[in-house]
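Kindly produce the complete structure, drawing on both the sequences and the hints.
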Amino acid sequence: MIGLTHYLVLTGILFSIGLVGVMRRTNLLMLFFSTEILLNAVNIGFVAVSKFYGDLSGQMFAFFIIAVAASEVAVGLGLLILWYKRNGSVDLNSLQMMKG
Amino acid sequence: MFDTAVIIETVVKAVIVVAVIAALAGFATFIERKVLAFMQRRLGPMHVGPYGLLQLAADGIKLFTKEDIIPQNAIKPIFMIAPVIAATTAFVAMAAVPYFPEFTLFGYTIHPIISDINVALLYVMGVASVGIYGPLLAGMSSANKWSLLGAARAVVQMLSFEVVSGLSVLAPIMMIGSLSLIDINDAQTGGIGDWLIWKQPLAFVLFAIAGFMETNRAPFDTVEFEAEIVAGYATEYSGMRWGLFFIGEYANMITISVLVSIIFMGGYNAFWFIPGGLMMLLKVSFWIFLFLWVRAAWPHVRPDQLMWVCWKVLMPLSVVNIVITGFALL
Amino acid sequence: MNDFLFIFLSFFALLGAFGMIVLHQPVHSALSLIVTLLALAGLFALLNASFLFAVQIIVYAGAILTLFIFIIMFLNVKESNLPKEPNKTLYLFLGGIVLIPLNLLVLRAFYAMPLLREPLAEDFGEIKPLGAELFTKWLLPFELISLLLLVALIGAVVFARKDEV
Chain U
1 MIGLTHYLVL
11 TGILFSIGLV
21 GVMRRTNLLM
31 LFFSTEILLN
41 AVNIGFVAVS
51 KFYGDLSGQM
61 FAFFIIAVAA
71 SEVAVGLGLL
81 ILWYKRNGSV
91 DLNSLQMMKG
Chain S
1001 MFDTAVIIET
1011 VVKAVIVVAV
1021 IAALAGFATF
1031 IERKVLAFMQ
1041 RRLGPMHVGP
1051 YGLLQLAADG
1061 IKLFTKEDII
1071 PQNAIKPIFM
1081 IAPVIAATTA
1091 FVAMAAVPYF
1101 PEFTLFGYTI
1111 HPIISDINVA
1121 LLYVMGVASV
1131 GIYGPLLAGM
1141 SSANKWSLLG
1151 AARAVVQMLS
1161 FEVVSGLSVL
1171 APIMMIGSLS
1181 LIDINDAQTG
1191 GIGDWLIWKQ
1201 PLAFVLFAIA
1211 GFMETNRAPF
1221 DTVEFEAEIV
1231 AGYATEYSGM
1241 RWGLFFIGEY
1251 ANMITISVLV
1261 SIIFMGGYNA
1271 FWFIPGGLMM
1281 LLKVSFWIFL
1291 FLWVRAAWPH
1301 VRPDQLMWVC
1311 WKVLMPLSVV
1321 NIVITGFALL
Chain H
2001 MNDFLFIFLS
2011 FFALLGAFGM
2021 IVLHQPVHSA
2031 LSLIVTLLAL
2041 AGLFALLNAS
2051 FLFAVQIIVY
2061 AGAILTLFIF
2071 IIMFLNVKES
2081 NLPKEPNKTL
2091 YLFLGGIVLI
2101 PLNLLVLRAF
2111 YAMPLLREPL
2121 AEDFGEIKPL
2131 GAELFTKWLL
2141 PFELISLLLL
2151 VALIGAVVFA
2161 RKDEV
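Protein chains in written order, with the working numbering: chain U, 1 to 100; chain S, 1001 to 1330; chain H, 2001 to 2165.
Read the hints as simulated data drawn from the structure, not as lab findings.
Built from N, CA and C at the ideal position, the CB exists for glycine as well.
Please note that a few of the clues may not be correct.
[Claimed, not checked] With a straight-line cut-off of 20 Å between C-alpha atoms, the simulated EDC-like cross-links for lysine to aspartate or glutamate are:
(1) H/Lys2128 to U/Asp55
(2) H/Lys2128 to S/Asp1183
(3) H/Lys2137 to U/Asp55
(4) H/Lys2128 to S/Asp1186
(5) S/Lys1145 to S/Asp1221
(6) H/Lys2128 to S/Asp1116
(7) S/Lys1199 to S/Asp1186
[Claimed, not checked] Reference listing, derived: stretches of chain S covered by chain H, where coverage requires no fewer than 3 residues with Cβ under 8 Å from a Cβ of chain H:
(8) 1143-1152
(9) 1283-1297
If you want it as structure tokens, here you go:
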């Protein structure tokens, strides 16, 4: 029988994958993707806990996280396009200099 | 939670829905050619079978036996899977749509809906929005500029009109208080005066316009307008893969017709002496006919006009409609 | 059946996530991410969260990922412009090993909590109780999140504007 533990293990593995992606990939787009994985991993954990404890707060948190993710993507992609137009690169390492 | 009988029943229903809708989608192409022909004082397909009825079979044989061409520079796996996505999402969206009133067959009550989930309307719109990936991936992987332009148009337009269709359908939902299509249907049992179209005329018009857009029908078929971008995202497709796009488009048309009939036009409630199931068929047929009629009667619009009308006319109108409905409900 | 569905969906979720960080081309990564997101939507449905299931499909798969792929198409990043990532796979593997203790920590924290014994309410996670809770107990966060979305909307419009000012 699948219980809370299984869902949390899934959350943990997904979160690790996302975290490794954030740390290791130097492509800015990949950074966004990995962030989505992180947020989604947390979501599934929240909803699982919400079900197994009979409390709707977990689902609320997941709902708010999805809203935050949507706004993050809207602003982030705008910045990404600006950066790409200016530099012609989506390499994270090109963000190192602090000049305008 | 899941017992075997339910699983078997669901699978059988799913197979029936897919088979019937696919057949109807094929039949709709024949009807389209006939109706357009009569409106233009032509005869339409006449040679194959009586009144050209077997044209449908001839078209099917042609599609199945045609060579499946994959362009040299195309990204092969994505190119191959894109039409499958388009057709699949069109059919998956039908899982939460009720078609007829429940009836009894061999002492076993059948609900003609695959799964009555409590967020049915959200589900249908969500799956329809996933359907964007078909045109998008097809256009990106085809290595063809027409395809790319078609894909770009498809994405921009569908994302924009999802806003309109979502907001316009919100007002009826507020009045009924449920997202389940069965509940929405049951709220309109009292004859023609109960139809939501009388209480929400603006939402009805907005949803219908968004429906025309989401199914890429004229006058909003800028996605695959022949004179501008050849066949849009489907330019490089041939044979059965192109056929899948086609079936997906007509299945979407049927879904939109069923949705409009259920939400605004009384659904499958019996009307006067006509039983509910027949009423539903009549309404859906009327909507399919309307789709064809509009195609014959209206010229195309330009993509920029389409965007203008979406964001500066339709979206504000739907928001105003929601506000008015809210005040009226208070 | 539930167990089978869980294993099936979580397998695809993990496969998609793994493909996302391993694949080199952004488009392939995005497609792989779609698999993950749809599988997670299925898991939401398994967990009685039907509203989140719909929201996940509409917002993530329908809007966010479409936007991503559209941006990738718009930018048209050449193969040579993609960042070189030497030893990527090795680092990914090592990173995964390093993160195992973190997972164990989370699991131990949850084992310390008491589990729910009585069965769930009949309408748990359906849209009506969810909405009621959202607009009573969580009203202030809800308003704040709408403000955040508005700010993000205006911000995106400002970024996208042509440089006429």
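Do the hints match the structure? See the list:
{"no.": "1", "hint": "H/Lys2128 to U/Asp55", "verdict": "holds (15 Å)"}
{"no.": "2", "hint": "H/Lys2128 to S/Asp1183", "verdict": "holds (13 Å)"}
{"no.": "3", "hint": "H/Lys2137 to U/Asp55", "verdict": "holds (12 Å)"}
{"no.": "4", "hint": "H/Lys2128 to S/Asp1186", "verdict": "holds (18 Å)"}
{"no.": "5", "hint": "S/Lys1145 to S/Asp1221", "verdict": "holds (18 Å)"}
{"no.": "6", "hint": "H/Lys2128 to S/Asp1116", "verdict": "holds (16 Å)"}
{"no.": "7", "hint": "S/Lys1199 to S/Asp1186", "verdict": "holds (16 Å)"}
{"no.": "8", "hint": "1143-1152", "verdict": "holds (count 3)"}
{"no.": "9", "hint": "1283-1297", "verdict": "violated (count 0)"}
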